[in-house]
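Fit chain S to the given chain P structure using the hints.
Listed below are the residues making up each chain.
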Amino acid sequence: MGRRLLVSLAALVAVVVMALLTQTPAAGQTQASAAKASPAAKASTPPRTADGKPDLQGIWTNNTLTPFERPKSLGAKEFYTDQELADLTKRIIEARPGERVEGAELGAANPQEVRYDLELYGFDRTKLRYTSKRTSLVVGPEGVVPPMLPQARQRNADRVAKNKGHEFDGPENRPLSERCIMMGQEAIPMVPGANEGNLLQIVQGPGYVTLLHEIDHSTRVIPTDGRPHVPQNIRLWQGDSVGHWEGNTLVVDTTNFTNLTAFRGSSENLHLVERFTRAADDTLIYEFTVEDPTTWAKPWTAEVPWTKTTGPVYEYACHEGNTMIATILRGARVAEEEAAKKGK
Amino acid sequence: MRNWLSDSVIACVVAAGLVLAATHTAAQAPTYRAPRTADGKPNLNGIWQALNTADWDLQGHAAAKGPAPLLGAVFAVPPGLSVVEGDEIPYLPAAAAKKKQNQANWTTLDPEVKCYLPGVPRATYLPYPFQIVQSPQNILISYEYAGAVRVVNMGAPTKAPGDSWMGWSNGRWEGETLVIDVTSQLDNTWFDRAGNFHSDALHVVERYTPRSADTLNYEATIEDPKVFSRPWKISMPLYRRVEKNARLLEYKCVEFADEVLYGALRKKSSN
Chain P
1 MGRRLLVSLA
11 ALVAVVVMAL
21 LTQTPAAGQT
31 QASAAKASPA
41 AKASTPPRTA
51 DGKPDLQGIW
61 TNNTLTPFER
71 PKSLGAKEFY
81 TDQELADLTK
91 RIIEARPGER
101 VEGAELGAAN
111 PQEVRYDLEL
121 YGFDRTKLRY
131 TSKRTSLVVG
141 PEGVVPPMLP
151 QARQRNADRV
161 AKNKGHEFDG
171 PENRPLSERC
181 IMMGQEAIPM
191 VPGANEGNLL
201 QIVQGPGYVT
211 LLHEIDHSTR
221 VIPTDGRPHV
231 PQNIRLWQGD
241 SVGHWEGNTL
251 VVDTTNFTNL
261 TAFRGSSENL
271 HLVERFTRAA
281 DDTLIYEFTV
291 EDPTTWAKPW
301 TAEVPWTKTT
311 GPVYEYACHE
321 GNTMIATILR
331 GARVAEEEAA
341 KKGK
Chain S
1 MRNWLSDSVI
11 ACVVAAGLVL
21 AATHTAAQAP
31 TYRAPRTADG
41 KPNLNGIWQA
51 LNTADWDLQG
61 HAAAKGPAPL
71 LGAVFAVPPG
81 LSVVEGDEIP
91 YLPAAAAKKK
101 QNQANWTTLD
111 PEVKCYLPGV
121 PRATYLPYPF
131 QIVQSPQNIL
141 ISYEYAGAVR
151 VVNMGAPTKA
161 PGDSWMGWSN
171 GRWEGETLVI
181 DVTSQLDNTW
191 FDRAGNFHSD
201 ALHVVERYTP
211 RSADTLNYEA
221 TIEDPKVFSR
231 PWKISMPLYR
241 RVEKNARLLE
251 YKCVEFADEV
261 LYGALRKKSS
271 N
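Residue numbers (this note's numbering), protein chains in the order written: chain P, 1 to 344; chain S, 1 to 271.
One chain only, chain P, in its complex shape:
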């Protein structure tokens, strides 16, 4: 009995010492990282979850002024200087309604887009900011999405042509976003859109990382236990995502897309690899590479910094509140009836 107590005591001491050793540097690191203004994709020691995985949890926003593609005038310039960024930010905040500022993606806060009292929706233009020094979210010397292959152009044109003249026939003819089946920003990969609805909440459990997108309460439950993709014949609106950890980075591989949820004209052959790395206490780097040999001649990559924010994440019940589809279809039927009456 005495010996067994000693052994368990030693084990307990060892556990406590280990816990102290691993905790102290992690806490120090967090503060140091937070103090650094510009995030780097490789943080040495991010915080850990109770089961020892990098802790990506929290509520994040991907809102940014950085445009998706680089403005042509910038040529091969991949990064702004600090001074350039400060000047540009100032110009955006001071822009008059209707004035366009090249190099910035203002979304709903764009002076041209203002239809509402922005403050009513919690938007404050003076808080807009660039989240990195990049001139575009698409990385590399081009900074733009590669040109679409002719076959892909044809495929997409055919799809539009097929629906032409039938746009108001029934719900199936309406865009997926209008039907609340796939909202633009719930699509994968996750790219910033307008200011509203950029909230993303990550909750981690043993063997799983879950990602809740506020838009349309779109939830991804991503296994990280090494299981394979579901069989190829099971096609999913959001694709099938499986993940694994590479050092401090969560790597998520997604396939099994349908041919209905094209990402910038992609096909059901889209293969997406996303990388999530916590760069600082308040910054997570989301990087994705898309590959679709039936759409683009080569893969391309974008990098989107996410910023820690406070919630709450609201429930976004799109379908439940959708009166638009019925209104649009009813409008079309009334127009047809009136046209028929006139014709008589």
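Do not rely on the hints blindly, as some may be mistaken.
Here are some, though not all, of the chain P residues that point toward chain S, as calculated from beta-carbon distances under 7 angstroms [said to hold, decoys possible]:
(1) CYS180
(2) ILE181
(3) GLY205
(4) TYR208
(5) THR210
(6) LEU329
(7) GLY331
(8) VAL334
Don't read these hints as lab results, they were simulated from the structure. Note that beta-carbon positions come from the ideal geometry of N, C-alpha and C, so glycine has one too.
Below, chain S alone, put in the same frame as chain P:
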């Protein structure tokens, strides 16, 4: 170091005392002790599903002809025993009349037919699996049906920013049991396909208690003074989906409700 060691000894003694206390409690009411998560809480992680007919009718019911006679035996109402304690749902008189009306018109009124978010507790016993993902700060519950989801706050209770279909969930641990307090649900959801309903005053307290490695006891106490004369309770076991590679798949049912919601507005000559 010596102080440190003696502190540890004290910790050990305290821990041993706690274990003894826990064992003592267990002896009074024998309960299954679940495996623990890394932070020492009962581990409820996994994919779970009810195996009953509660979504057809919380109360006991015989088999009946289904709403789509052309589907024959495929969509008939399966029989089932009650999951309601005492089998009585204590409706106030006006509410009892509304329940009858709901039941008579359920195919046109039931929010499940329209692929609307199910609310709590119905989400739990819909005939689809759901997954619990547990972290110390939050427990995310992802439901296959309609991609419904809720994030249960495990910290200090917070107030709902507004009413919603899935409500606002504050959770806490009571020994082996995960207790979730659900408030601020809209009055749009139902409890089942038999027209059992509630108002916006609904308050649900759920209790998830592990009863074996692969089963949980689920209890929900339902309180709604606008509809019921007293609180009432449902209970049922939940079963772990133990299949190798079990996964929640996507059940975005919006498109399956197109005909019900918009069929009458379709262009007549087309299709």
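Verification of the supplied hints:
1. CYS180: Because about 6 angstroms separates P/CYS180 from the closest Cβ in chain S, which is inside the 7 angstroms limit, the hint holds.
2. ILE181: Interface hint status for P/ILE181: holds (5 angstroms vs cutoff 7 angstroms).
3. GLY205: Where the cut-off is 7 angstroms and the nearest Cβ of chain S is about 4 angstroms from P/GLY205, the hint holds.
4. TYR208: holds (5 angstroms)
5. THR210: Holds, about 5 angstroms.
6. LEU329: Status holds, d = 4 angstroms.
7. GLY331: The hint is violated - P/GLY331 has no Cβ within 7 angstroms of chain S, the shortest such distance being about 9 angstroms.
8. VAL334: violated (10 angstroms)
The earlier numbered hints that this structure contradicts are 7, 8.
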